[in-house]
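Engineer: We have chain G; now place chains C, E, U, P, Y, W and D onto it with these hints.
8 protein chains.
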Amino acid sequence: MYVIVVGAGDIGTPLVDLATDSGNEVVVIERDEERAERASRQYDCLVLNDDATSKETLQDAGADRADALISTTDQDATNIMVCLLAQELSVPNIVSVVHNPEHMNVFEQIGVNTMQNPQSLIAEYLYRAVSRPSIVDFMHIGEEAEVFEITVGPDAPIAGKTLREADEEDLIGGQTLIVAVERNGADTPITPRGTTRIEAGDLLTVYSGVGATPEVTDVFGHTEDHD
Amino acid sequence: MYVIVVGAGDIGTPLVDLATDSGNEVVVIERDEERAERASRQYDCLVLNDDATSKETLQDAGADRADALISTTDQDATNIMVCLLAQELSVPNIVSVVHNPEHMNVFEQIGVNTMQNPQSLIAEYLYRAVSRPSIVDFMHIGEEAEVFEITVGPDAPIAGKTLREADEEDLIGGQTLIVAVERNGADTPITPRGTTRIEAGDLLTVYSGVGATPEVTDVFGHTEDHD
Amino acid sequence: MYVIVVGAGDIGTPLVDLATDSGNEVVVIERDEERAERASRQYDCLVLNDDATSKETLQDAGADRADALISTTDQDATNIMVCLLAQELSVPNIVSVVHNPEHMNVFEQIGVNTMQNPQSLIAEYLYRAVSRPSIVDFMHIGEEAEVFEITVGPDAPIAGKTLREADEEDLIGGQTLIVAVERNGADTPITPRGTTRIEAGDLLTVYSGVGATPEVTDVFGHTEDHD
Amino acid sequence: MYVIVVGAGDIGTPLVDLATDSGNEVVVIERDEERAERASRQYDCLVLNDDATSKETLQDAGADRADALISTTDQDATNIMVCLLAQELSVPNIVSVVHNPEHMNVFEQIGVNTMQNPQSLIAEYLYRAVSRPSIVDFMHIGEEAEVFEITVGPDAPIAGKTLREADEEDLIGGQTLIVAVERNGADTPITPRGTTRIEAGDLLTVYSGVGATPEVTDVFGHTEDHD
Amino acid sequence: MYVIVVGAGDIGTPLVDLATDSGNEVVVIERDEERAERASRQYDCLVLNDDATSKETLQDAGADRADALISTTDQDATNIMVCLLAQELSVPNIVSVVHNPEHMNVFEQIGVNTMQNPQSLIAEYLYRAVSRPSIVDFMHIGEEAEVFEITVGPDAPIAGKTLREADEEDLIGGQTLIVAVERNGADTPITPRGTTRIEAGDLLTVYSGVGATPEVTDVFGHTEDHD
Amino acid sequence: MYVIVVGAGDIGTPLVDLATDSGNEVVVIERDEERAERASRQYDCLVLNDDATSKETLQDAGADRADALISTTDQDATNIMVCLLAQELSVPNIVSVVHNPEHMNVFEQIGVNTMQNPQSLIAEYLYRAVSRPSIVDFMHIGEEAEVFEITVGPDAPIAGKTLREADEEDLIGGQTLIVAVERNGADTPITPRGTTRIEAGDLLTVYSGVGATPEVTDVFGHTEDHD
Amino acid sequence: MYVIVVGAGDIGTPLVDLATDSGNEVVVIERDEERAERASRQYDCLVLNDDATSKETLQDAGADRADALISTTDQDATNIMVCLLAQELSVPNIVSVVHNPEHMNVFEQIGVNTMQNPQSLIAEYLYRAVSRPSIVDFMHIGEEAEVFEITVGPDAPIAGKTLREADEEDLIGGQTLIVAVERNGADTPITPRGTTRIEAGDLLTVYSGVGATPEVTDVFGHTEDHD
Amino acid sequence: MYVIVVGAGDIGTPLVDLATDSGNEVVVIERDEERAERASRQYDCLVLNDDATSKETLQDAGADRADALISTTDQDATNIMVCLLAQELSVPNIVSVVHNPEHMNVFEQIGVNTMQNPQSLIAEYLYRAVSRPSIVDFMHIGEEAEVFEITVGPDAPIAGKTLREADEEDLIGGQTLIVAVERNGADTPITPRGTTRIEAGDLLTVYSGVGATPEVTDVFGHTEDHD
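Residue numbers (the working numbering), protein chains in the order written: chain G, 1 to 227; chain C, 1 to 227; chain E, 1 to 227; chain U, 1 to 227; chain P, 1 to 227; chain Y, 1 to 227; chain W, 1 to 227; chain D, 1 to 227.
This is chain G alone, in the form it adopts within the complex:
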């Protein structure tokens, strides 16, 4: 792909890293001279030290043949202007960071894909880390359901049981599915079957139709967080 990244700041920089690593042709537009220079030094990409809210700059960046443009500046107003100009220049795929949740709708109205509330996402992770420290990672599915990674505690009711046994003992509700089992830091998770025995210390990937509520997570041995 030919990708234009607008902004080489906190978000733009790892993005450029990722996009160049994956072998894409990347052009960066960054207004700040120091940041532009650093990006130019660190990554294998063309860096324009210019204002991306100018059509000319976007054309110089190759907007006519770009497959995608990603706007990552920390000003929503700047991002929207960049996206509108990119639309005018017919960039096929346009994505933007949005900082103020109130602005989400505006971006959607004009047909720009958005990365919803990056800071909120981080905030939620941090909050989980203290409110339910046993949950390592998680992903929302619709309104309630969740997939989450959880470590099995030493005294967990499920520890030492096979999935079939756990099922028979009604330890796992109908809405819950153990998707994968990571054990001893092995690279590849085990796809669990009825005969798979869960051990303390396992890192389970679990799907729960009702989310990671205490009722669901208790069986994995973490009772500390009934808040």
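In case anyone wonders, no lab produced these hints; they're calculated from the structure. Glycine included, C-beta positions come from ideal geometry on N, C-alpha and C. Some hints could be false.
Said to hold, decoys possible - Derived list of chain P stretches under chain U, where covered just means 3 residues or more per stretch with a C-beta under 8 Å from a C-beta of chain U: (1) 46-59; (2) 83-91; (3) 100-109.
Structural biologist: Positioned in the frame of chain G, the structure of chains C, E, U, P, Y, W and D alone reads:
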């Protein structure tokens, strides 16, 4: 829980929102006067407009009885000083944002939980949004495996087939598991069985032991992104 | 009318002056505290010292019942964000200043009326003031035609002649029409007829299908500016 | 002409554009280094990066042989000092922007032509755009009279009538004159005669001795703005 | 007198001190808040913390009944704008500091009294202090003549002589006049007569038609500065 | 002379002008880069862009062979440090500007010649210019006495009289001496004798033992300023 | 004592702490508002938020009855001005920090006690901490001699010996004297005698006429630092 | 030794001076460009103008083979981050300045040697200089004991006596030991014996088990400071 949040900036603000919403007792420490005032106005929490790298400030914030402290300033050095002082004051659960990946190890050495590379996470989402726009959300499991949400395209090989049929036609590999099916914006995803028929427009939650590679995702009808 | 004016700077201030003078209900949104205070002191209007790129601010300003919103900040990106939010809030008439001519199209695409290039307009006036000092004011009609005000010089060919005489002597081309005659500073211009005699010192309002070219203006006695 | 332009900011830049385009010899004086460089890069003119309130600078700019000097800085005090020095150096034609209306008189006292209140002009245009959106452009003639461009609405009383018919039906008052008719975006306006039929969508140039009052504009079909 | 002083900086402050001490009614206009406050605290005068280039401010300061206005800001352009506005408001006596010698003429043209080059005056004093340290103070009379104060050196030819003797010995040229003699720090200088005996250590006030040249000053015993 | 001038600001610049004009060898020390460059461009002198409160800088400036050092920065503290270092380096003649009158004594204690209160001097000139506009220049002699230049008004009692007549009519007190008479802009003043007739318009240099009080100046025709 | 401390920065703050703790009457002068407030809050002393280079401020601080003044600002020039004013006000004991070693002499010339090079002192401590980590503290006596504290290493030649034995075995040179022995963290050091036995882990206070050279320190068991 | 010095500010600079003078191989890391350049110019060492809180920078500085790292920046948080990274890179000897006494413990916890409160040390010296001016230098030994240098006053009880006589007269308590005598500015102090006679003006190095209390110091003739 009694939670101390250090920093009321881009990350701290939604975190305070979340923590107060969940009914926790929250104390915010923010050095910048304007931010401190805004936080105080918006959330039901105590806000100290002071320097969190002072033990006295942490004590004023109730570090002796706090269940957790989350450090969210944009300076890793500040975060580490705050975490060390919090350790000295015996705060049981200490979490910190880390901005520079090189500093991850240092935080781990001193025993602080960290939120790994928030900006990298965002960058990866943005990159996926342009490189694989059909993937709505995703979560890494170990090194390779992934759980991801994907919409079923109109011409997808799997569209119109039951899971059993898909299985019989070898459309879905052994390492792939369809975990949940969201349909027509219903609140609760369907837990799929062998007789469940996949339709174009369904939003599937899929587990893949080898990640969301083209080989895995093609069956859901998205061929555009063989980069 | 109920009018929201965004920005109380160089352009916003005389606009508020005009709009309040005409008896409209005016709400001003200005981010800068000092400017907000000044506007509040000087004009009979409500002034919100807040950020207009927030939907909440626009709602506080009464966007739901406003007849019009005029965005006058000196940042095009800010103006476009304000206009998009105003559209979302269904303000019926939205107008914006646009500073960079490249951005005109973007504003038009999203359906916002614009005030085209205010600085260019001023520049043209200034240029006329030195290149054709006898032309007091002017207005472009389409690509070439112009209406302009011009003073009759003491040695002007037309001075002392009636319009009929001027017509007979072919002093005035077919594309030229004398629309009005201001004389001796009288409040009301004379609507000219065939018998109206043009005098040196008259201030004529002239329509010319080919613009205010030297060929057209020479008859009014100004030969100095054949550049 | 040989023209000295003082200031290459928001107003100075389009002025230099205009003046160089028209083939004049232009010298720009701009104190700010960045602006001076940009002007030098973009236009075919000499740019002095210096302080125009120094006689030496004005002499370097060729004040002794300049036909005109236009002062466009955003400080009235600076403009007046520049104008006084230009007078001392006998520049024949001196024009200045004036920002504070209170200062108009001072400029006139010392004999400098001024561009009256550029921001007020813009403010009036913006206000018209919301209070009488059908009026596209306008020009004041004396105290009350106006020339204005107006689009004919679909239900306008005058639509479908010849001018003679309109006159006979008393649709157009004695103080009103239709000067030109632009139709279908043609380059040249039609000079209207008695037999010219006005159509909905036409863009008329109208002279009205009493200004663009509702009484005058109603016949063109715009009743929405009787405020 | 009723005096308006514009600027309460390095020059304005001692001026206000002097003017209030002499019992005048003084109004100070100072834009900088801190300086305005300090002046208000220290002196018995009204202080307006406002912009003096506004006619309204000058009217608030009582320009209509002021006997004089003295403009002391460090910007010549500001001073000239203030003076022009003061003229428009008919202040009878207007004086201004001028910093750039090139601007002297401009001030004179518009009829403002000026304090010529304050810094040059100081520079000359400093230069004298090193080039002719025996000269304590001096004043130019026309092009060449000077009045100066000089101390009589211990070995001065004139020391111990009466003025008559000095005259007879041709020590004092025809163009030189000893105007006053200060001795032993007495408050009142002695008006010298022919019998007055000059002593080493006396501080003489001398008039010289040719200035304080070495030829003139040598008789007072200072030979060190024949440069 | 070899002179070191510290500071190339408002006072230092005309001082360097004067000192280089008089053929001295001048070295300038100025910390600010821009000022240093300008001084270097304009004057025939060596300019060190360095901190003068460093002994090394003063040595580089040739303090060991300098005849004099003049410190003109706008910080008294800086000036005193420079003077003390210059004393340590045995510069024979050291002079400094002093801004705060309270600091005069301190400079004198350490044996530095000072230029007393430059701003006060200017302030006094300005004040005289409005309080006694007829007095053109003046110099204090001791506590009370003054030498001053005054123009003879058209209705002055002394106008048209010889000095002898004026003396006989007791117009001039015993403490007053007319030192010189400038007439018609001639280069050389007239040394007045008993037969010299004073004319309206003459510019007199007058010595008065009691200062330029109204009693003294009235005879020269200026009654306006009995304040 | 009545002590005036000038400056409440890095050095001034612990000084005020010390001086108030010891029961002195302390007045602090600090120009920075924030620092002044903090000092006022933390210590039992009067704090003047003013400029100490003003005689008036020093008088307000009670300079007439002060026993001592300590100037601790980070500007040598400011410190010297403060000290000179304090001398003029006859403060009996005046001490100042000096930052630039070149300025030491100047302070001494005017008779001010100085704290020599605080940063150099710290630098030397830091350097010792890495070059001779066994030396805990030290003090120079004249040019070469030193008193130092050193811990006795486990394999030190002197460990386990009485001083007499050490003397007899020539372990300790004639220029070395063991002054005190701290053992087991006891409050009071032991005054050593011939029969006192040195043990590994003792912290000795040693005087050496030739300084803490390796030859001298080896006997205490630290050979690592022969650099 | 191979030493890395972080920070080339007030403390870092004399440290680099010392460390290079002693023949060590020194690498300096300084973020500020100006400071980095100055250090590079003045000292024989490698200077990296970079951020020391980056592991890469420390590696570039040779952290893998460094014998020691000394962190001297004025931010405790920065110092601790640098120290933690240096630990991770296994630098054998790590020392840091600590500014806030509250942070001492944190540094100790992670095992970093610290230079305790440099500003407090200076403050104590300054305080001694005014409270006991006769004490020239001092060093604490444990809680109470001190070694100090003191000058013998002209009327001191001990002046003119041998140590034996002083002992016999009980002038010197059992806890006090005169360690060395500096006389007449000689390079080498005298090691005192019983027959050594103390003279007024001698500079004594004294050990006192109870500190430099008035009871101890009175015998050396300084009674002024019984506070």
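Engineer: All hints are to be evaluated individually against the structure, with a verdict given for each.
Structural biologist: Each hint, compared with the structure:
no. : hint    : in the structure
1   : 46-59   : holds (count 4)
2   : 83-91   : holds (count 4)
3   : 100-109 : holds (count 6)
Comparing the model with each earlier hint shows no violations; every hint is respected.
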